[in-house]
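Visitor: For reference, the chains in residue letters:
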Amino acid sequence: MSNRTLNLLIPVVSVILGLLAGALIMLVSGYNPVDGYIALWNGAFGQAFYVGETLRLATPYIFAGLAIAFAFRTGLFNIGAEGQLIVGWIAAVWVGVAFDLPKVIHLPLAILAACCAGAFWGFIPGLLKARLRVHEVIVTIMMNYIALHTSNYLIRNVLSKQQDTTPHIHHSASLSSPFFQKITDFSTLHNGIYLALVAVVVMWFIIEKTTLGFELKSVGFNQSASEYAGMSVNRSIILSMVISGAFAGLGGAMEGLGNYGFAFLQSNFSGIGFDGIAVALLGGNTAPGVLIAAVLFGALKVGSLNMPVDANVPNELVNIVIALIILFVASGYIIKWSLARLKREAK
Amino acid sequence: MHFMTALEIIISASLLSAAPLIFTALGGVFSERSGVVNIGLEGLMIMGAFISIVFNLTFSHALGAWTPWIAVVVAMLVGGLFALIHAAASISFRADQTVSGVAINFLALGVAMFLIKNIYGKGQTNTISEYFQQVDVPGLSHIPGIGKLFFQGITYPSYIAILIAILVWFILYKTPFGLRLRSVGEHPMAADTMGINVVKMRYFAVFLSGVFGGIGGAVYAQSITLNFSSSTISGQGYMALAAMIFGKWNPLGAMGAALFFGFAQSLSIVGNSIPYLKEIPSVYLLIAPYVLTILALAGFIGRAEAPKADGVPYIKGER
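If you're matching them up, the sequences are chains Y and A in order.
At position 267 of the first sequence the residue is numbered 267 (the working numbering), and the sequence of numbers has no breaks.
At position 151 of the second sequence the residue is numbered 151 (the working numbering), and the sequence of numbers has no breaks.
Please keep in mind that the hints were generated in silico from the structure rather than gathered at the bench.
Watch out, some of these pointers could steer you wrong.
To be verified - Result set (DSSO-like, lysine-lysine): computed pairs, CA atoms no more than 30 angstroms apart in a straight line:
id, chain 1, residue 1, chain 2, residue 2
1, A, LYS308, Y, LYS217
2, Y, LYS336, A, LYS148
3, Y, LYS103, Y, LYS161
4, A, LYS174, A, LYS117
5, A, LYS308, A, LYS200
6, A, LYS308, A, LYS174
7, A, LYS316, Y, LYS343
8, A, LYS122, A, LYS200
9, A, LYS316, Y, LYS217
10, Y, LYS336, A, LYS174
11, A, LYS122, A, LYS174
12, Y, LYS217, Y, LYS103
13, A, LYS248, Y, LYS336
14, A, LYS174, A, LYS200
Stated by the list, open to error - Footprint (simulated), chain A over chain Y, 3 or more residues, beta carbon under 8 angstroms:
id, region
15, 124 to 137
16, 268 to 280
17, 330 to 339
Unchecked claim - Some chain A residues near chain Y, calculated using beta-carbon distances under 10 angstroms:
id, residue
18, VAL102
19, ASN105
20, VAL111
21, PHE114
22, ILE116
23, GLY139
24, HIS142
25, ASN227
26, SER230
27, SER234
28, ILE280
29, VAL283
30, ILE287
31, ILE294
32, VAL312
What you are looking at is a predicted structure, and each value in this text was computed from that prediction instead of being measured.
For every residue, glycine included, the Cβ atom is placed at its ideal position computed from N, Cα and C.
The shape of chain Y in the complex, shown without the other chains (with noise of 0.2 angstroms):
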């Protein structure tokens, strides 16, 4: 078997076995598991507002997927998508609650903002890995709950006076469309869908057709041999960070101007920074299989809250589904050997 075909095998394989997990999980203690994926699909896909509901959130999952798969490329594993996400989202907001101007220069500024925002929170683990060969998926997590931290911060002091949420953005810096909110029987999907698939075009195009991404992909593969072939590994490492935390705080701006209008004070993550390793995992780290796997996740998550209604089951049955496909997908040495002697023993 050609290692494309496995490459495409494994993804497949490994929701299918958490799928079948999770029907198991559901079997032993006592739910119907026919019922419960009826009503996991008809909550993710069974009426109009539920396939925008379904996109709404598969909007963000594309940003921070593509954020976490554009620093693996480069070898590098962002845990703090999260943390670049909450930046993005505070700086979208504020930018659009702060400002009064036309739509074509507010809501492009918004976004610019929470892009920087999220490049910058990128920026400081990726000039520590590059000078000083620290390690980002500790320097991330911590950036991660600096941001939290900070942004509660800011909501309470700076940008509204000791109340729990920001005032709502003004109009011109909103994505909300009403023509997403006339066809899918008013859903929350908005405008980012369109920005989430140019992302996904521009993350393509730079990897897989410029120097640029040439370069980056090398560092992945071996840094010394890039260094030799006079690539700057330094110079590649920072660039790949900040890319990809502007990807993560597009995904903010997202959340920020077009899900809630506003910023509120958090406790704790909201999970879709995290969830984005899944999606770039199951995506093979290559921008249409984030495209994919963000959609999929996204009915997976919003298909999860008709399955208390319909079918009694708790809707963490799917965290735990995505769980075990995560697992499974890492495992991909053993899904390979086992293919391997599947196909031995048909012969």
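Please build the complex by placing chain A on the supplied structure of chain Y, with the hints as guidance.
Guide: Relative to the frame of chain Y, chain A by itself:
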């Protein structure tokens, strides 16, 4: 407020928040010293907290004051078994250890909340009635001066955590077992050549990290939150991970770092009631542990070096 009273409050609050961090960080030390990166500490704490609260609620009538202690033992076992998933994925299946750890965190929260809803029919348990209380140690609390500071209003797990940290240091640095465990994390091939079973050693180390993470979660849930919900463990595992790195993968260092983080956490909580501290915005105290960890890693507070083979799967016969 009198200075000594303020100090008493701070010390007792610091030790309270530090104890779970110390236990969990020690678990991290075992795992990473053997060469397996463990981002899953958060998930292991979640499992420990979950099972201890369920056990506590179920058996507190029968077991009385002993309930929290026995719940910790149960949490040790469950945490250890749960960690074996991480061990299997990262040691046998050669999964990316960081990814597997992230999956463990997802899985733990998913499983715990699924079962909580399955058992109790709601997203949050009741509050437990038997928990680790802050006590005055008989005898010692009457020592003039230090008695009031260090032996009043403190839970027993805090003392045990400090003693265990010293014990773990002894095991890792003064016993043959400890030497073998560390050698597996530094140079597995050399260790293998000397007849040490690398795979078995790493499995056992990850199991131990689950045991300690379980204790950490159980102590946290039974001395601080007193119930279980999806937000019971929110970042304590990552903070323990930070403590382990800040402490340079050394049990005593990890303990010191955990005590310091506990101190920073308690300042951000009790700071409002203490003069001078009131003026500092609490955000600085909240982010202090994380900023300090980054600075420590960057080498501003002595260089933190991970074990050589940390995160590298061992494949026999591969150079």
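Visitor: Taking 30 angstroms as the top limit, are the C-alpha atoms of LYS122/A and LYS200/A close enough?
Guide: Violated, at roughly 40 angstroms.
Visitor: Using the nearest Cβ pair, does HIS142/A come within less than 10 angstroms of chain Y?
Guide: Because about 40 angstroms separates HIS142/A from the closest Cβ in chain Y, which is outside the 10 angstroms limit, the hint is violated.
Visitor: Should the interface hint for VAL312/A be scored as holding, given a Cβ-Cβ cut-off of 10 angstroms against chain Y?
Guide: 13 angstroms, violated
Visitor: Are ILE294/A and chain Y close enough, Cβ to Cβ, to be under 10 angstroms, as the hint says?
Guide: 5 angstroms, holds
Visitor: Can ASN105/A be said to touch chain Y, with a Cβ gap under 10 angstroms?
Guide: 8 angstroms, holds
Visitor: Are GLY139/A and chain Y close enough, Cβ to Cβ, to be under 10 angstroms, as the hint says?
Guide: 40 angstroms, violated
Visitor: Does the alpha-carbon distance linking LYS217/Y and LYS103/Y stay inside the 30 angstroms limit?
Guide: Violated, at roughly 38 angstroms.
Visitor: What's the verdict on LYS336/Y and LYS148/A, does the C-alpha distance respect the 30 angstroms limit or exceed it?
Guide: 62 angstroms, violated
Visitor: Against chain Y, run the beta carbon of VAL102/A and see if the smallest gap drops under 10 angstroms.
Guide: 6 angstroms, holds
Visitor: Report holds or violated for the interface hint on ILE116/A, using the least CB-CB distance to chain Y and a cut-off of 10 angstroms.
Guide: 8 angstroms, holds
Visitor: Three residues or more, CB to CB closer than 8 angstroms: is that satisfied between the region 124 to 137 of chain Y and chain A?
Guide: Holds, because 5 residues of the region 124 to 137 of chain Y bring their Cβ atoms closer than 8 angstroms to Cβ atoms of chain A.
Visitor: Mind checking the alpha carbons of LYS308/A and LYS217/Y for me, to see if they're no more than 30 angstroms apart?
Guide: The hint holds at about 25 angstroms.
Violation of the numbered hints given earlier is confined to hints 2, 4, 8, 10, 11, 12, 13, 23, 24, 25, 28 and 32; the remaining hints are satisfied by the structure.
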